[in-house]
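Chains A and B supply the protein sequences, listed in that same order. Counting in the working numbering, the first sequence runs from 1 upward without gaps. Counting in the working numbering, the second sequence runs from 1 upward without gaps.
These are computed hints drawn from the structure, not numbers from a lab. Don't be surprised by glycine CBs; every beta carbon is placed ideally from N, CA and C. No false leads were slipped in.
The list that follows gives simulated cross-link-like pairs (lysine to aspartate or glutamate, EDC-like), each with its CA atoms no further than 20 Å apart: (1) B:K253 <-> A:E117; (2) A:K134 <-> B:E256; (3) A:K134 <-> B:D98.
Chain A residues, not near chain B, derived (Cβ > 12 Å throughout): (4) L28; (5) E29; (6) T105; (7) A110; (8) D118; (9) E121.
For reference, the chains in residue letters:
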Amino acid sequence: MNFTREAICEILSHCATQDLTLVVDKLLEVGAVKDVRAVRSPEIGTVQLQVREPICQERFILGDALVTVAEVAVGSSLGWAMRMGNDPHGAVAAAILDGWVAQSTPETDAVHLTMLEDLLEATVLQESAEQSLKTTQVLSTAIQFEELD
Amino acid sequence: MGYAAARGGLAAIEFAENLVQELRDGHPSSPLETDQVTGRLRLLVDRVMGEAGLWAPELAAQALRQAEGDVIEAVHLLRAFKSTLPRIGISEVVNADDMIPERRIVPAFREPGGPQILGRSTDYTARMLSTTRRETKAKVQPATVIPADEPLDVIPPMQRMSDVLRDMQLLVDRRRTDDPEPFDITRMPAKPPAPRSARLSTMARAETGALVGQWYRNILGPDGYLHEVTLGEVRHGAMPITVTHPVTRNPVKIGEYRVTEVEAIEDLDGIDEDRTLFDIGYGLCFGQNERKAIAMANLDIACHRDGQRSELEQSILMTTDGLDSSGFLEHLKLPHYVTFRSMIERKIAVRQARLQSTPTESKP
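Bound conformation, chain A alone (with noise of 0.2 Å):
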């Protein structure tokens, strides 16, 4: 697995749900992910958003943003994700996978790994696609005033 716990986790909160719930189904069904117990149900809450702002380097609260958060076990690892917005089945997908990551090994799960990492390989290209084509329609905005005497 080429990305760290934390990468993984940042992957799997921007995947689409149904594409989670799949992979997930998928390794039940096979047997991959076994002995999964809910910690924590998937819940609904906010994030408090804190700003540090430029003029004073001084942070204030700017607001909240809508997250769900779920915690499961596998096996004898704890799984956490938090997602934006009103998200349960998705957060408890992802929950799960980051467990089971977290107890995997490649010698193990490696064709399972695999299909995991299929899935954040092809998120983080369809963002990067996203981001690169966002970026050069916002650079094709680029402007210089001129200044007339």
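Guided by the hints, dock chain B onto chain A, whose structure is given.
Okay, now just chain B, sitting in the frame of chain A:
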């Protein structure tokens, strides 16, 4: 207040509410889907989220649909919903420089550090009401002003105007060395004298029109705490949301939210100020809402220069929240029978007392 001493009419109230729902949801046009609202009325959704203090585009769209497009009502619905939710965590503190800009304008300088980018904007164009559905315009090849050696898929670095002025030693240095906990206006109402973090939070959540109104009173109206305004930075872009993974204790980015950021440069000219320097006010709010961020930045520096000598801070803290002001205004529609009857009775009593005390005029 006597408006609580009224009851009854439950059936009529339910019918009235049903009328709203049925005529809204039963309209013969195509149903309004949430993604239509978020995709086509982006600025409206941004405004609702900003005034509710909650980044939740889908919920804001649902609130707007339920409120039949009434912004204040949508803000009320979203903020009330938010109040039922637990606060699950606090994000890692994000630095304003972590923004990935989608727009950046520097009215103060022709050539600031980094490019000026119009982004998604109709500024500088003639806006005419389009009465027909327009096809997407043919793409125009942009006149590229990014140097040829810069890659076109990476936003070049942008030195903010406050740093430019700092480098020129033309800016008052107000950088703090301590790190006070920010004031949380959702837990306790901010009252003057309040820390600056409370003012910034209050303005970030303020009603856009109220904040613009405050700004206008100060720039052209009777208040006059603002003058010589020049904008340093007007930016719009995405900020990361990073939280701590509870197992590894390392940061994880879980998403993004968009903000508008403004730096407003003030020409210091007070007798107790260093007239060789500038100072800067700061504005930051959810979404793309430049009017609000500009007003906020201007009022931030106005408040700082005022130093709590006047009622400016009180005015910002106590009168710019849309739900506070609209809630108070709209409560006037509730039955006030008791208070008004007591007012009538007082009038009659005063009149009777006056009649009794007035000597009877003798008839000729």
